[in-house]
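Sequences are here, hints too, so could you generate the full structure?
Now for the letters of each chain:
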Amino acid sequence: MKLLGILIGCALAAGAASNNTVLIRGADVYPVTSEPVKGMSILVLDGKIAEIGAKITAPKGVRVVDGKGLRVYPGMIDSGTQLGLSEIPSIRDTVDTGELGEFMPQLRALASVNPDSEHFAVARIAGITAVMTLPAGSGGGGGGRFGGARQFISGQAALIHTFGWTWEDMAVSGPAAMYVQFPSLGATGGRGGPMPDFIAELAGGTGAQTFTEMMRTYQQEVTKLVDFFDEARRYQKAKAANLPGFVRDLKYEAMLPALDGKLPLAIAAATPRLIHDAIQFADKQNVKIVIMQPRELGSAAAELKAKNIPVILGRVLALPRGQDDPYDQAFTLPAEANKAGVKFAFGTFDNEFVRNLPYQAATAVAFGLPQDEALKAITINPAQIWGAGDRLGSIEKDKFADLMVTTGDPLEIQTQVKHVFIRGQEIELSSKQTRLYDKYLNRQ
Amino acid sequence: MRKPWIVALAALAPLYAQNIVIQNATIMTVTKGTVQGSVVIKDGKIAEVGEKVMMPLNATTIDAGGQYVIPGIIDCHSHIAVDGNVNEGSVSVSSMVNIKDVINPEDISIYRALAGGVTTANILHGSANPIGGQTIVLKMRWGKDAEGMIFEGALPGIKFALGENPKRPGNPQGGRGGTQTVPARYPATRMGVEDTIREVLNQAKAYKAEWDDYAAKVARGEHPRPPRKDLKLEPLKEVLEGKRYVHAHCYREDEILMLLRVADDYGFKIRTLQHVLEGYKVAQEIAASGAGASTFSDWWAYKIEAFDAIPYNAALMQKKGIVVSLNSDDEELMRHLNTEAAKAMKYGGLSETDALAMVTINPARQLGIDSRVGSIEAGKDADLVIYDKYPLSDYAKVQKVLIDGRVYFDRDNDVSGRPAKTLEKQKLIDKEKQSQPKPTGGRRPVG
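Sequences listed follow chains V and D, in order.
This note's numbering applies: residue 1 is where the first sequence begins, and numbers increase by one.
This note's numbering applies: residue 1 is where the second sequence begins, and numbers increase by one.
Some clues are possibly wrong.
Unchecked claim - Some, not all, of what chain D presents toward chain V, calculated at C-beta under 7 Å:
1) Lys303
2) Lys346
3) Ser371
Calculated directly from the structure, the hints in this document are not laboratory data.
Computed from a prediction, not measured in an experiment: that's the story for all the values here.
Ideal Cβ placement from N, Cα and C applies to all residues, glycine included.
Okay, here's the thing in structure tokens:
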């Protein structure tokens, strides 16, 4: 009889408490979109936040997590990764970013995401619950470090959860942006960024080219990009007119959501001049854009603010661009963006350092960014920028229960992440790294 | 004619032999606990540390109220201040070349490292060869010449390298997806790396025997002909004699153990294992050998030999009795080693002091300079960093950095000096623009 009772009890518990239903009780809740509140409980039902309140009675059989002395934050979002697409950068066979071809809008990052990449576990146990995964690396394009031709459109970036059985299961939004690499002057963009304009101008070029030649190449490339958009527009019209003999084209088809302003273009542009040109381009094309990885904002900051164009800032812990630039140039860029009223989020742009996302944000705080803005830039801002502000990025009713429970301020290195929930499911806090640690800590 | 002399002396006075007292600070000495109080600096050395101190005459005071003082950070693995390539990769053994010969004191990375609290760095040859070039310890004395940067009396070292990097030139693919443009160079495997090291140590041992024999004969009053000096073997002879440290780049447990056993066979010690990302797997063997370990906090997965790297490596090795330091190997990372130390608290739960030791006294021990630097104690060099906030946090900023009791970095001065620098730069640009020939559409008129 006793055994039967236990079995029935278990069955009931299992039935009532699916693995994405949980009550976090008595924690300090930091919703990000509103003021923190002490001693609150959060009820998660079927993967979504059902209720936030001081006193919530746990439905029968619901798993209860004691949040006493702990804080609950929304899970963090990294706006620039290659998670699932790149495992070991030095081994080509493990890298799926940087396809060949100049205009490749039809490529989908999402369907090449390997859900079992070791990087996901390392990132999610640090509290990173969603990421943008990009079809190209920073700079260069067309194969990234493995070489290849200049690339203009790299494909569709995906916003994904860092946990799921399949890429379909992980997807927040399949195409969350079209990744565009704006032409750059003289050298490749990205982390290193192109040569500062005035140096190229003074030097009369980069050595291989004179400045006039560089400008000509640059303008030719911009024209090439414009031409492709114009072709896509003609395709759009032809399709709408339903002309006889219309042939479906996968490249142009992929461009339609971008042309309709439904899908933002994530445009990599490093310098004020390139940002300015990218904005002009977007204006003419009437498309929505997000500027990726600027190294300097300067005069472009006011333009970005005026046109409500958001920015994804790359690594804060980065070297200054020029020899004579201030040593803290990259550290102060987020504060500069904030002061100018530009909306921004952070991206790490390197799988290896995704888990350090909050520490990049913290460095920006040390150099003038208000702490709450830093927190927004890794939670609600990226959610909104990537079109998921209604589902991710804050602790609000009906949003996905992507949560991290911590011992303190998540921007502080010493803070420990105690629980992570992705769509309400508690994540086992283990990775390849914790398993190796446990194994060798106990080595005979 | 006394006047110019006095003026010159007065100008020099703030630079040398100045007495400074840093007051009202939280002083994290690393070796003697944390003290609320003052640090007294006399003649470039720490004279006193305590709650109440004797104020020396004519001392300048630095009010560090609410701020933190730690020992100058020591980076046990860096390649800054090297003029040109850090690799002489054309040969398997490049022990004849010396980083000391190619120091560039004007490398801006020196100033940036200073601004991140680094006062001393171990400048290494690259990892292209099983046995690489000779290494040198520098102090970040920005503004001095190459000679003035060298850490006086620090034992020089030599770089060894194991694994993927030294075998890459032997790989027909060139490794890292690159293209091979030079003829393949032995070795191409880890087996060959071991052999390369053994072969040359074998030569060095024979070379040392020749010189020992010569010395013995001289001691007996004979007049033998001295052996021919071999510039490749000379530094390795010094290794065998314990007069030069071996800093060995390594990743995987197999190669780490291999090198420890090779060193046993040839009767010398590995001073530091560098990177040593799988050190945690063979921690007891490393501890038994007496080698130090200098690693990254959390780098991983950038190549296959770094795929088993774990952020707990530093803490785990420390727990098993190894002297561990955290290094940068990178001019950017070098600027925040304080937070790399904080990661050893997060991953593996080290105490604040043990973590801070990994970027101060531990690298000092590994470089044999711990009697001079690495902690805040009376008698040591006044190499100090002042932070505005608790330094084991990303919220902290370096305010001032002192080396030998002289302020080499001051954030306030750096920031306040910027408008003048921008103006100067603009003037130079304008001047340069004017001196440039105007671009013309067509041919220049002749005559």
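Here's how the hints hold up against the structure:
1. The interface hint given for D/Lys303 holds, since its Cβ lies 4 Å from the closest Cβ of chain V, which is under the 7 Å cut-off.
2. A least Cβ separation of about 5 Å between D/Lys346 and chain V falls short of the 7 Å threshold, and the interface hint therefore holds.
3. The criterion of a C-beta within 7 Å of any C-beta in chain V is not met by D/Ser371, whose closest approach is roughly 31 Å, and the hint is violated.
Hint compliance for this structure: hint 3 is the single one not met.
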